[in-house]
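A.B. asks: Given chain A's structure and the hints, the job is docking chain B onto it.
Protein sequence lines correspond, in order, to chains A and B.
Letter by letter, the first sequence follows residues 1 to 150 of the working numbering.
Letter by letter, the second sequence follows residues 1 to 96 of the working numbering.
In case anyone wonders, no lab produced these hints; they're calculated from the structure.
Positions of the beta carbon are idealized from the N, C-alpha and C atoms, including for glycine.
The reader is advised that the hints may include incorrect statements.
Output of the computed footprint for chain B on chain A, the stretches with three or more beta carbons under 8 Å from beta carbons of chain B [claimed, not checked]:
#1 6 to 12
#2 16 to 26
#3 30 to 42
#4 50 to 61
#5 64 to 78
#6 95 to 102
Far from chain B, some chain A residues (derived; all Cβ distances over 10 Å) [unchecked claim]:
#7 L3
#8 F129
#9 L139
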Amino acid sequence: MDLQSLLISSLGILAIVCAAGSWLTRDNFYSALYMSVAMLFVAGIYASLNLQPAVVLITLVFVGAVGIVTIAVAATYRAKTSRRVSLVWTLPVLFVLGILGYAYIGKPIVEIESAGMEFVGEYFLAVIFLISMMVVVMLSAIRILRRVGL
Amino acid sequence: MIIAIAICLLIIAYLIAISARDLVRLLISLELMFSAVFLAIIPLFSISAQIAFAVLVITIFTSSAELLVLITAIVITDRLRKGVEIEKASVGGDTV
Chain A
1 MDLQSLLISS
11 LGILAIVCAA
21 GSWLTRDNFY
31 SALYMSVAML
41 FVAGIYASLN
51 LQPAVVLITL
61 VFVGAVGIVT
71 IAVAATYRAK
81 TSRRVSLVWT
91 LPVLFVLGIL
101 GYAYIGKPIV
111 EIESAGMEFV
121 GEYFLAVIFL
131 ISMMVVVMLS
141 AIRILRRVGL
Chain B
1 MIIAIAICLL
11 IIAYLIAISA
21 RDLVRLLISL
31 ELMFSAVFLA
41 IIPLFSISAQ
51 IAFAVLVITI
61 FTSSAELLVL
71 ITAIVITDRL
81 RKGVEIEKAS
91 VGGDTV
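In isolation and in its complexed conformation, chain A is listed as follows (with noise of 0.2 Å):
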């Protein structure tokens, strides 16, 4: 397995386990911030695949904006109960991952083209810094949750 490959996978089970971590958190505010975390994730995986228009627009667009409209609406109905997990549901989901395992973690991944796409390359800085900030934004976002009390 080589480095982008063992990349990919290392950011694919991260944006997983984030999206477990949203289904298994009984507040709606962590589960909004889990998900923020996956959709970053799910970017990590568009820039390892060097795609960097598609990370802007993301992390942008979607982490951004509706993702954090998300945590603000969240926030604003938090409940400390709002999900049911059936297990029964456990059983199949597990014999379904399996299978998934099973059938593709041998693919190697195909060759990506980007030609045409290189107008961010040099901004490539910037972004990381813009992802740093969405962080360090989310952050302070909790602790004024917390110091608030809500």
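C.D. replies: Positioned in the frame of chain A, the structure of chain B alone reads:
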């Protein structure tokens, strides 16, 4: 591998949707479903980058608009029905 990650995200999003007790959780599950869609577009980049990028842009903006409309609907539902629980949402007389 990317398709497997996308399907895993989609399954988790479906699990969130069927275990949701309020509309905010449904919104979160929809956003996760769209993230799975974004991942599923990646193999298209190996065929034609321009077409795949156009599909991605259209997907991002239509899904963002749809989710913003859903957020507005949640706020309106809260105003009209005094809550965002699943039991309070009904369409055409059928309880969702």
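A.B. asks: Taking C-beta pairs only, is L3(A) more than 10 Å away from all of chain B?
C.D. replies: Nearest chain B Cβ is 14 Å from L3(A), so the label holds.
A.B. asks: Closer than 8 Å Cβ to Cβ for three or more residues is the test here. Does the stretch 16 to 26 of chain A pass it with chain B?
C.D. replies: holds (count 5)
A.B. asks: Tell me if chain B covers the stretch 50 to 61 of chain A under the three-residue, 8 Å CB rule, please?
C.D. replies: holds (count 6)
A.B. asks: Measuring Cβ to Cβ, find out whether F129(A) lies farther than 10 Å from everything in chain B.
C.D. replies: About 21 Å separates F129(A) from the closest Cβ of chain B, which puts it past 10 Å; holds.
A.B. asks: Would you say the stretch 64 to 78 of chain A counts as covered by chain B, given the rule of at least 3 residues with C-beta under 8 Å?
C.D. replies: Result for this restraint: holds, n = 8.
A.B. asks: Quick one: work out the minimum CB distance from L139(A) to chain B and report holds if it exceeds 10 Å, violated otherwise.
C.D. replies: Fine: 19 Å to the nearest Cβ keeps L139(A) off the interface.
A.B. asks: With a cut-off of 8 Å between beta carbons, are at least three residues of the stretch 6 to 12 of chain A near chain B?
C.D. replies: Coverage by chain B holds for the stretch 6 to 12 of chain A (3 residues, Cβ < 8 Å).
A.B. asks: Just to make sure I understand the rule, a stretch counts as covered if three or more of its residues have a C-beta closer than 8 Å to a C-beta of the chain. Does the stretch 30 to 42 of chain A meet that for chain B?
C.D. replies: Coverage by chain B holds for the stretch 30 to 42 of chain A (6 residues, Cβ < 8 Å).
A.B. asks: Would you check chain B against the stretch 95 to 102 of chain A, counting CB to CB pairs closer than 8 Å, and say if three or more residues qualify?
C.D. replies: Satisfied; 4 residues make the cut.
Going through the hint list in order, the structure satisfies each hint without exception.
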